[in-house]
Structures are given as C-alpha cells and as structure tokens.
Amino acid sequence: MMNAILFLIILSLTFLVFFIPKSSKYYYTLFLLTGAIVLSSVWCFKVFSGNCQAFNIDLELPAFRNSLILTIDRLSAFFIVVINITVLVGFLYARGYLRPYYQNKNSLSFSIHFLSYLWLYLSMIMVVMIRDGLTFLIVWEIMALSSFLLVIFEAEDRTIMKTGISYLIQMHVGMFFLLIAFLLVGKVTGQMSFDALRIYFTTHSNFLLFILFFIGFGIKAGFIPLHTWLPEAHPAAPSHVSGVMSGVMIKMGIYGILRVLISVQNDLLLIGITILVISMISGILGVMMAIVQHDLKRLLAYHSIENIGIIGIGIGLGVIGLATNNTVLCLFGFSGGLLHVLNHSLFKSLLFFNAGSIYHAIHTRNIEQMGGLMKSMPYTAILFLIGSLAICGLPPFNGFISEYLIYLGMFKTLSVSNLFQSVIVLGTIVGLALIGGMAIFCFTKAFGIVFLGEPRSEKAKLAKEVSNDMIFPQYINIAFIVIIGLVSVLFVRPVFDIISRVFNLPDIALIAGTSVHNLTQISLLGGVFIITVVILLVYRHYHLKSLQISYGPTWGCGYSAGTSKQQYTATSYAYNYNHLAKPVLQTKKIMRDIMEDELFPDQRTFESHSDDIFKKLLIDKPVNWFSNLLKKIAVMQTGQIQHYILYAFVYMLLVFLLTYFNII
Amino acid sequence: MIGFILILVSAFSFPGIIVRTKSIASGRKGPGTLQPIKEIGILLKKGSVFSNTTGIIFQLAPVISLSCIVCALLVIPFANNAALISFEGDFVFFSYLLGLGKFFAIIAALDTGSSFEGMGANREAFFSMLVEPAFFILLATFAMFTGYTSFSDIFSHFFVTGNNYVLIYSIIGFYLFIQIAMVENSRLPVDDPKTHLELTMIHEVMILDNSGFDKALIHMGSYLKFSIYGALMYNVIVPAGWNIFLQIALFMAVQIIFAIIIGLIESFRARNKMNLNPKFILTISSIGWIAFVIILILTDKI
Numbered sequence: 001m002m003n004a005i006l007f008l009i010i011l012s013l014t015f016l017v018f019f020i021p022k023s024s025k026y027y028y029t030l031f032l033l034t035g036a037i038v039l040s041s042v043w044c045f046k047v048f049s050g051n052c053q054a055f056n057i058d059l060e061l062p063a064f065r066n067s068l069i070l071t072i073d074r075l076s077a078f079f080i081v082v083i084n085i086t087v088l089v090g091f092l093y094a095r096g097y098l099r100p101y102y103q104n105k106n107s108l109s110f111s112i113h114f115l116s117y118l119w120l121y122l123s124m125i126m127v128v129m130i131r132d133g134l135t136f137l138i139v140w141e142i143m144a145l146s147s148f149l150l151v152i153f154e155a156e157d158r159t160i161m162k163t164g165i166s167y168l169i170q171m172h173v174g175m176f177f178l179l180i181a182f183l184l185v186g187k188v189t190g191q192m193s194f195d196a197l198r199i200y201f202t203t204h205s206n207f208l209l210f211i212l213f214f215i216g217f218g219i220k221a222g223f224i225p226l227h228t229w230l231p232e233a234h235p236a237a238p239s240h241v242s243g244v245m246s247g248v249m250i251k252m253g254i255y256g257i258l259r260v261l262i263s264v265q266n267d268l269l270l271i272g273i274t275i276l277v278i279s280m281i282s283g284i285l286g287v288m289m290a291i292v293q294h295d296l297k298r299l300l301a302y303h304s305i306e307n308i309g310i311i312g313i314g315i316g317l318g319v320i321g322l323a324t325n326n327t328v329l330c331l332f333g334f335s336g337g338l339l340h341v342l343n344h345s346l347f348k349s350l351l352f353f354n355a356g357s358i359y360h361a362i363h364t365r366n367i368e369q370m371g372g373l374m375k376s377m378p379y380t381a382i383l384f385l386i387g388s389l390a391i392c393g394l395p396p397f398n399g400f401i402s403e404y405l406i407y408l409g410m411f412k413t414l415s416v417s418n419l420f421q422s423v424i425v426l427g428t429i430v431g432l433a434l435i436g437g438m439a440i441f442c443f444t445k446a447f448g449i450v451f452l453g454e455p456r457s458e459k460a461k462l463a464k465e466v467s468n469d470m471i472f473p474q475y476i477n478i479a480f481i482v483i484i485g486l487v488s489v490l491f492v493r494p495v496f497d498i499i500s501r502v503f504n505l506p507d508i509a510l511i512a513g514t515s516v517h518n519l520t521q522i523s524l525l526g527g528v529f530i531i532t533v534v535i536l537l538v539y540r541h542y543h544l545k546s547l548q549i550s551y552g553p554t555w556g557c558g559y560s561a562g563t564s565k566q567q568y569t570a571t572s573y574a575y576n577y578n579h580l581a582k583p584v585l586q587t588k589k590i591m592r593d594i595m596e597d598e599l600f601p602d603q604r605t606f607e608s609h610s611d612d613i614f615k616k617l618l619i620d621k622p623v624n625w626f627s628n629l630l631k632k633i634a635v636m637q638t639g640q641i642q643h644y645i646l647y648a649f650v651y652m653l654l655v656f657l658l659t660y661f662n663i664i
Numbered sequence: 665m666i667g668f669i670l671i672l673v674s675a676f677s678f679p680g681i682i683v684r685t686k687s688i689a690s691g692r693k694g695p696g697t698l699q700p701i702k703e704i705g706i707l708l709k710k711g712s713v714f715s716n717t718t719g720i721i722f723q724l725a726p727v728i729s730l731s732c733i734v735c736a737l738l739v740i741p742f743a744n745n746a747a748l749i750s751f752e753g754d755f756v757f758f759s760y761l762l763g764l765g766k767f768f769a770i771i772a773a774l775d776t777g778s779s780f781e782g783m784g785a786n787r788e789a790f791f792s793m794l795v796e797p798a799f800f801i802l803l804a805t806f807a808m809f810t811g812y813t814s815f816s817d818i819f820s821h822f823f824v825t826g827n828n829y830v831l832i833y834s835i836i837g838f839y840l841f842i843q844i845a846m847v848e849n850s851r852l853p854v855d856d857p858k859t860h861l862e863l864t865m866i867h868e869v870m871i872l873d874n875s876g877f878d879k880a881l882i883h884m885g886s887y888l889k890f891s892i893y894g895a896l897m898y899n900v901i902v903p904a905g906w907n908i909f910l911q912i913a914l915f916m917a918v919q920i921i922f923a924i925i926i927g928l929i930e931s932f933r934a935r936n937k938m939n940l941n942p943k944f945i946l947t948i949s950s951i952g953w954i955a956f957v958i959i960l961i962l963t964d965k966i
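The listed protein sequences derive, respectively, from chains P and L. For the record, in the first sequence the residue sitting at position 524 is 524 according to this note's numbering, with numbers rising by one throughout. For the record, in the second sequence the residue sitting at position 208 is 872 according to this note's numbering, with numbers rising by one throughout.
Extracted from the complex, chain L is given alone in its bound form:
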C-alpha cells in the first residue's frame, strides 16, 4: 500500500522536476514545479474536439491505457512491503498489461486516419517491439540471481544473498531500467517530447487529436509510468531491509535524481536520427546480455 501511495505522490512531482531542471540548465526562469499538474487540472476542465473520422476506439483508448498503467502499478513492491497483488511471474503480467495499453494507444492513433499519426503509431509499435526483449532479459537475470519469480520476492531477496559483487549488478540493472524507461516513455534520446515538427515526433504525434479530458488521462498515464520505472530503479539499488523512514526518504531522492537525469539529458543532447533508433534500442538488449553473463559469474555457473 505504502509503495502505491509513494508512486502516486512522486508521479505528481516528477514532470515538474524535469521541466525545472531543463529551465535551470538553459538559464531560463521557467515555470514552477507544479505547473504540469496544474496543466492537467486545466485540461480536465476543458471541452473536447473530436475528429469526424474517429470512432469508439479513439474514445476508449485513453481510458484503457490509463487503466493498464494503474493496474500495472499494483504489482510494484516497495522495499519489504509486498505489492498489493503479487504472484509468480507478475512481471510478465506487468509487461503485457503495458503492452495492452500501448496497443490501444496505437490503434487510437490509426483511428484518426491522419498520416502523421499513422507514422507515430508505427514508430511507437516498432520501438516498443524492439525494447521488449531488454526488459525480459533483465527480469530473467533477476529471477536467476534470486531464485524468485515475482517483483516482491525478487526485490526483497535482492541483497540478502550476501554476495558482495551484487552492487555491480544492481548498477547495471539501474542503468538498464533508465534506458528502458526512456524508450517506453518516449523521451530523449529516442524521442523528443518538445519537438515542434510532426514529422520528427513519435509519441506526441500519436496524440495530436486528443484534447481535454482524454489528453489529461494520457498525460497522467505517462507521469505514472515514469514513477513506476523510478520505483523499479529504487528497488534495484536500495536494500529492502533498511529502516522504513530512511527508505521513504531514499525513494523520493531516487525519483528526484531520476527526474534530474532525464532533465539534464534533454537539456544537453539531441535526439537520435530516426533510423539510428533501432540500433540504439538493440544496444540496450545487448547490455542486458552482459548483465546475464555477470549473473552467470555471480551464481558460479561459469
């Protein structure tokens, strides 16, 4: 329960910190930390414009995508507190549920009949297809290392093995989660959320026709997704047995650092050339294989 609340809380502050970091890095005064949340409030009050081409899928998709993310959130544990729902192989469910959300986001984009949105839909489908293996390799190495197959069990047994080299591994895990989160959330260097040209967008171009309430739901979903990945990163690097208050403080610290990292990356680097993205994403999987080799060594199989 406590993890669930913490993720919700950090999702509130997350986008603001990214925006704030970017404005400081570029020497602007910039908006306040709560501005993105206020924007959601404004969107919720606004009316909507729907395209005549769209049908029921377009109306359903934002709701289903958000529900997928909320339900995926239920299996994420926090420290020694098991997740609200935990069972063997829950990360498979987690990944496939996010896949369901993406499925609907993609077909909603195709529902508008716009070639821009078709392009975005295609890119989103293509890149998330390529990043899928990386997540599974990482989770497989977790399962192999700890001998458990649910998020809650894996993370509560992560540091218990007493193996001193586990730190190398947790750093690689942390790194991989950051990379996967970048792709899944369509941030730099794969996608630039602030780009102004439809042709170069990925995620943003898919939601060109969404407005008002639906757009608010989509934004909420993407903020939640961020803090879910932040929570996963936190679980990899902080031992589960520590004092609960320290844990909560550290959790927030990790989320803030994650947001700052994203803000810094977005301030100082440009987006990849579109046709280099597949290579970039496949590199993540390759690093996953390195993690696998490390685990083989750690568990004395090599």
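Isolated chain P, as found in the complex:
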C-alpha cells in the first residue's frame, strides 16, 4: 500500500516541473528521479533477497479497472537495475551537457524535456513491471512519445524534427504489431495479458504469434532489418538522451522478447533458429555498417545494432538449448545475453556521453574533423578508450565476460550436439569471432582518428576538456565496467539464478560451480595481467630515467614537413575493408576524373558515401512508391467546387446502390 502511494505521488509530482523556476528545474527533476530510483531499487532488493517469485503492487486506479498492477519478478528486477544505473548517470551528465542551452532555450522547452525524461524513466520501469496487455501498450506508447519529445529537443533544426517524426512513425509500426498480437491472444483466451500467453500457446501456433511479437519488440530493439530508426534518431538526440535510449530503451525490446519466450511451449527450435539467424545478421551487418560511418554518434548507433545482435545470439542459443533439453547451452546462452544487456547499457551509454562531450568541445560529430583530442581532452579520451575496449569484448573488462559465457555455452555444446546443431553452433562461433574482429577494427579506427595524431581541423585544435560535472558521472559506469570485468562472479551468479528461475531450469548447481571456478580463474588472470602491466611500467619508468631521451618529429620517410592533412583519415582506414564489403555497403564515390587534355586541372572535390540498403529497400522505396501513387490520385483534386459536389453525389449513389442490392 505504502509503495503504491509513494509511486503515485512521484507520478503526480512530475507535472509540477512546469511551475518550477527555470534555474531549479534540473534539481527538482533530479530529486524526483532519485526518489523513483530509490523506491524501485528497494523493490528490486526485496525480490532479490526474498525467496518469493514475484510480488505485486496494486496501484488501485479506478480508471484502469484495477488492471494497473505492478508485478516484479527477478527478470523485471534485473531490468530495473539496468535502467536505474543508466538513467541516473545520464541525468547527472545532462547537468553539464545542457548548460549551453540555458541561454537560447525558454523555460517551457526545459520543462518538456525534463518531464519527458522523467516519464521515459517511469514508463520504462512500468514496461518491465506491467503484465496486463492493454496497460502495457499504454506505457509502451508513453515510452515512445516521451523519447520522441526528448529526441526533438533541438527541434529548431528541421532535419532533427524530420528524424523525430520518422522515429515516431516507426515506433508506431512496431506498436501495431504488438497490438495485433495482444488482440489475437485476447480473442482466444478472453484476456489480454502476458499471463494469458501461456494459455494461448498451449492450443495455437507458437511460431506465428511469436513472430508478431518479435517484429513489434524487434523494432524497438533494432534488429536488422527493423533497425532503420536507430541510426537516425540516436545522432539527432542530445547525448544524455542517446545514451539512455541506446543503453536501456532499446533493451525494452529484449525484455519483451524474453517475457514472451517464457510462455512459449512448442516450435522452440524454429523460434530459436529464427532469433539466432536474425541476430547474426544484425551483429555482422551492424558492425560492418558501423565501420564506414563518419558521424561518431551514428557509428555508435550502428554498434548498438551489433550488440543487440550479440544479445540476440545469446537468447537464440538459449532457446535452442530449451528446445533440445540442453541445460548448459540454455543457461549460458540466456545468461550471456542477459549479462550483455547490463554490460552494453554501461559501455554504450558511456561512449555516447563521451561523444556528447566531444560535440560539446568542438561542435561537430564528423570524425574526419577531429584528431589529437587525447592531448586537449585527456579524461574524455581515457573514458572513451575504456568504453571501446569493453565494447570490443576485450579482457579484463565487462564485455568479455558476457561474450565468454556465450562462447563457452557453444563450445560445451559442440561435443554433444548432432550434425544439424553442430553446424549451427559452429556458424555462430565464426560469426561471433568475426563480429569481435570487426569491432576491434571499428574502434581502433574510432579511437585512433578521434583522439590520436594531430588535430585535423581548426575546431579540433581549439578543443578544451569538458567540465568536471560531465566527467564525474561517467566514473560510475567505469567502476561497473571494471568490477564486472574483474570480479565477474558477483554478477554472473545472480544472472544464473534469474535465468534458472525464470525458465524453470533443473538443477544447475554443478554447472554454476564449475562456472564459478572458471570465472575466478579469469579474474586471477586479469589480475596477473594488470600486475604485469604495472610492474613493466614502473620498470620502464625508472629504466628510461637512466637513458637519454630525445624528442623529434614523426618519421616521415625523410620528408618531415607534413601537415595534419596528410594523416590517415577514417575513410582511408576503412578503404581496404570497404573494398571487401562492397556488395553489402554499396559505397558510392562522387568525383570527376581528370581528362587527358586537362593540362591544368582545376579544383576538385571527392565525396564517398554509403547508404543503408535496408533503409533504402524497406523505407525509402515503399514511401516513394506510395507518394507517387498519391500524386497520381491527386488529379482528382481540381479545386473546383462542382467536381467535389459530383464526388459526393457519386459516393451517395454508390452507397444507395450497394445498400439496395444488399451488398453492405
């Protein structure tokens, strides 16, 4: 009862943000946000510490006919923890990020922004707690709307407004799939809720309904080819918002898929393979497209698709494990996927915050104009470096742990699986290895071009480190990244526990026992690694003191008057890769050749550009086709009143005739 009242008080207090003076709006929002985070964390703690499966909080709002019940089980609690961390860090970061906007934005737009941020948070935690279908769709809609309002914070810019609208439309396409899916369930079972899914699945085709849900949730999560909103919306949004959207909001899709999977009863193998194949495609194509991006935030957005792919691979393997009664694969697959949800929320939001800091410092997102920022922005550089290492899945950071779990599940399965499964599992291993290699390629490029070398533009030369209040919140993420990487047992065990309870896995004590051994060995090796590095560095430091050290220009093959323009650029870094990936990326070059008779060539420009073929095929082409069709129909719009009266007359005649012959 107490919980319900507190929660409702927070919900209603959010609207007061309009009446708070502009300068203290931020603190008011922070206060409410912290309140909600503490409250929901207490709920999570209750679930994790108690032995009960779930507990309910009835908000008792008459308008919802008592269907607004918050149910928190371990899966919800896990997602609430993920949401809480990123949303809080994002908001702390926003304080510094929003500062320049105070001069030219009015009080109202700040109110709307903060209100949307609060409601994005509240709707996300409600999404993971609500089981009733209709209420779920309402909060799902609130989530889409509030994130839309957050994306269009800088709506003066036409392109941002356009992106926002396109985002809103695509979210609603997903929404319709969910609506249809829930209506189907409601029609058969008489109630629209996640709990009713189980009843539906016992009697009806599991695969078809699952696919409906998968499309609906997949658009939010950003599986290829449902990802087209993602690389547009993330760059448009302010960085703290992109961090939250990429870090946690797209994970709501993953949550939805997991929630549906709990109830699925047959067709498991088919569903598992479908998820696996789509995730592999998302993972590989996501990182492939990320490599050729020049916009830092768009690059990160494509990496979100890749990471959603990795999470999906884990889930797909888990489902295949369920289908084949392979507890090991099931446990490791789902756990790896779920842990990667947490991991990705940590390093991806960190990277987006850093991208925001860079934008703050040099006012561009184009990485070709960056360079040499390591010297002017050392803290941001180190934070970005740790984020990059973690997202590549390199030890001793957290990304490695989740990828390791997925790998281990697959390797352990190989010896017991039949031919078909072996081929699938080996294909997935190859895919995951390729994704890992390409991620390293991509982030060496991103880090190297952005932070290293000489500044590539005047803007980059003038860069200054951002204020401390933008840097400090990110240490929270760093702390988690390092702790999960080094003391992984603390986090993997609860995840095992969640998965085994949620999916009713039989006794996992033995597997969990050996995993604890493995993970402690990883921690040990990580520790040894760090100690080796420290010893070598200290030795190097003292050793170099005794020697003669001199400084000079970089070796330029005898020519040392180079300018910063002669450095390797992001485009040239991706050149040979681009050559190999041509069929997928369709990179276009725009240039004029030098003619033979052109003795003194005039100034030329070169432009290379790669399109997202899925966006082209799935969005641009149909939209163009449809608008062309509508243009053709527009001949009816003559502007003469006589014609319109004629249309009305024809229409009435039609209705009359159809009724006369009993057709309608």
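Think of the hints as simulated: they come from the structure by calculation, not from any bench. A few of these clues could be false.
Below 27 Å or equal to it, Euclidean Cα-Cα: the simulated DSSO-like pairs (lysine-lysine) are [claimed, not checked]:
#1 545(P) <-> 710(L)
#2 582(P) <-> 858(L)
#3 588(P) <-> 879(L)
#4 943(L) <-> 545(P)
Residues from chain L that keep clear of chain P, each with C-beta distances beyond 12 Å, as calculated [unchecked claim]:
#5 666
#6 698
#7 699
#8 701
#9 731
#10 736
#11 857
#12 921
#13 924
Everything numeric in this text was worked out from a predicted model, so none of it was measured. The C-beta atom is built at its ideal place from N, Cα and C for all residues, glycine as well.
Using the hints, position chain L against chain P.
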C-alpha cells in the same frame, strides 16, 4: 610450469634459427644464432626518441602488448602438465587477450599521426580481423572432438580417444596453426618483415617510430608469440602421454622445425600482392571448415 619455461627458452633461439636458415639458404655466412637476442640487449641499453605528436598511448602500448602475450602464455599447456592457469574456455581468453595487445599496437601506430603507420595499422587490423574465425573454427573442432573446452584438457585428451584417423586431423591442425601463426606474426606470405619500403610493410611500418626500450619489448613480444604458436603445434602432433624427456626433446625439435620452415618460406617465396592477402587469409578459414567436416566424420556425426 615446465611448459612456461620451455616456451621462454625456445623463444630465445627461435629468431636466430630463422635468420640462420635464411642466410644458409641464400648462401651467405650470416650472423650467429644468438644475434637477434644480442640485438635486444643492445636496444635495451639505448636511449629513445619519441615523436612530438605521440602521447601516453604510444608509451603504454609496448608494455601492454608484451603483458598480453606473457599472460596469454600462462594458459598454454605442455604435454600432460596442465597450464599454470587453466579453465574452461581459456582459449577464448587467449585469443581476446592477444586481441587486446593488437588493439594497443594499432592505436599506438595511429598515435604518431604518420600516414605510413596509419596504413600499417589499418592492414594489421584488417588482416587480424579476417584470421580470427580460423582460430575459432580450429578450436571449436578440438572441443568437438575431445569434448573438453580448455587448452590443457583438450591436448591431454587429444590422442586418448584411440581413433586411428586422428593423425589426419592433427596434421590439418598443425598446418592451420602454422598458417595462423604466419598471419598473426606478420611473416611471409602475408607480410615481409625484411622489406625495405614503408609502403609494402604491415607490421614493421607500425613500429617505425618505436626505439630503444619500447622496440626491445615489441621484439620480445613477437618472439614469444612465435614460440607460443610453436607450442600449440607441438601439442597437436605429439601425444601427451609420452615420456617427459622425450617430450622435451621433441618440443625443441618441433620449435626448430617450425623456425626452419619459416626461414625456408621466407627464402624461397615472395610476399603476396597486398590485395590478395584477404583471399589468402580467408582460405585458412575455409581449410578450417574442412577440419570441421573431418571431425564430423571422426565423431560419427555424418
């Protein structure tokens, strides 16, 4: 422990044998076997020149790369002696740790702001990205064949299954490890370490600006990497149960043969054309798929 020491010892002699083979094959008198090690000694005593463009990454990278290789070494077993640290899936750790070392080597090259080094960094990143799957396919077939998922367990159970056709498989494994080692260590036919033109280099061009102590660390790392791959090859072809002294002798023999093979390849063939390298590397993965089919047959799945 014994494996750890053996790998360190063979790393000492490895580069010398390659150099010696090359000089004999080309009819030169050539330097002594210990010359590369002496060179490291000289480098350690020398001062350094740093580029003004470089920053902390450039200073950190050689140390981190070497530490990665040393720590990766800890999971390599020798015969029936388990590795110092062994756990399920340790080869994933092994591969990713080497990846971390490479990550730092690449960004250190980009730190100099030189277009030559950017080019080398790009090629290194590109080729090691392509070779990654081959290693994983090979290890997956090992795991599938033996039913174990750590280097130590896999190699101690490799020949225990009593399957007579395992030899075909171990030869393919040996061959694949050689090929992967060539790419990972940037040797012929993917990269020519002795080329004199920056434009045609891969690994060498990345370390153009390193000097003195840092360069010594980089060389040590690459010698160690060689003998790590030599140890893996050894484990694939020699049954783990044999007498320990015979094992040690054979281990050294395999390392020496590996070094001679590399020396011979480098004496008698030219480097691939740069844009043919991706195809060459992808071929290694394809051979990995053949190994997979062989294992399917060996484990009666086909």
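Outcome of the hint check:
1. Taking the CA atoms of residue 545(P) and residue 710(L), the gap is near 12 Å; set against the 27 Å cutoff, the hint holds.
2. A C-alpha spacing of about 32 Å is found between residue 582(P) and residue 858(L), which places the hinted pair above 27 Å, so the restraint is violated.
3. About 41 Å separates the Cα atoms of residue 588(P) and residue 879(L), which puts this hinted pair outside 27 Å; it is violated.
4. In summary, the hint linking residue 943(L) to residue 545(P) is not supported, as the alpha carbons are separated by about 47 Å, beyond the 27 Å threshold.
5. Non-interface call for residue 666(L) relative to chain P: holds, since the shortest CB-CB distance, roughly 19 Å, exceeds 12 Å.
6. Look at residue 698(L): its CB is around 23 Å from the nearest CB on chain P, clear of 12 Å, so calling it non-interface holds up.
7. With a minimum CB-CB distance of about 23 Å to chain P, residue 699(L) clears the 12 Å threshold, and the non-interface call stands.
8. No beta-carbon of chain P comes within 12 Å of the beta-carbon of residue 701(L); the shortest separation is about 18 Å.
9. Annotated as non-interface, residue 731(L) brings its C-beta within 12 Å of a C-beta of chain P; the closest such distance is 4 Å.
10. A beta-carbon of chain P is positioned within 12 Å of the beta-carbon of residue 736(L); the least distance is around 9 Å.
11. Non-interface status of residue 857(L) relative to chain P is upheld: no Cβ of that chain comes within 12 Å, the nearest being about 17 Å off.
12. No Cβ of chain P approaches the Cβ of residue 921(L) within 12 Å, the least distance being about 29 Å, so the stated non-interface status holds.
13. No beta-carbon of chain P comes within 12 Å of the beta-carbon of residue 924(L); the shortest separation is about 31 Å.
Violated hints for the displayed structure, listed by number in ascending order: 2, 3, 4, 9, 10.
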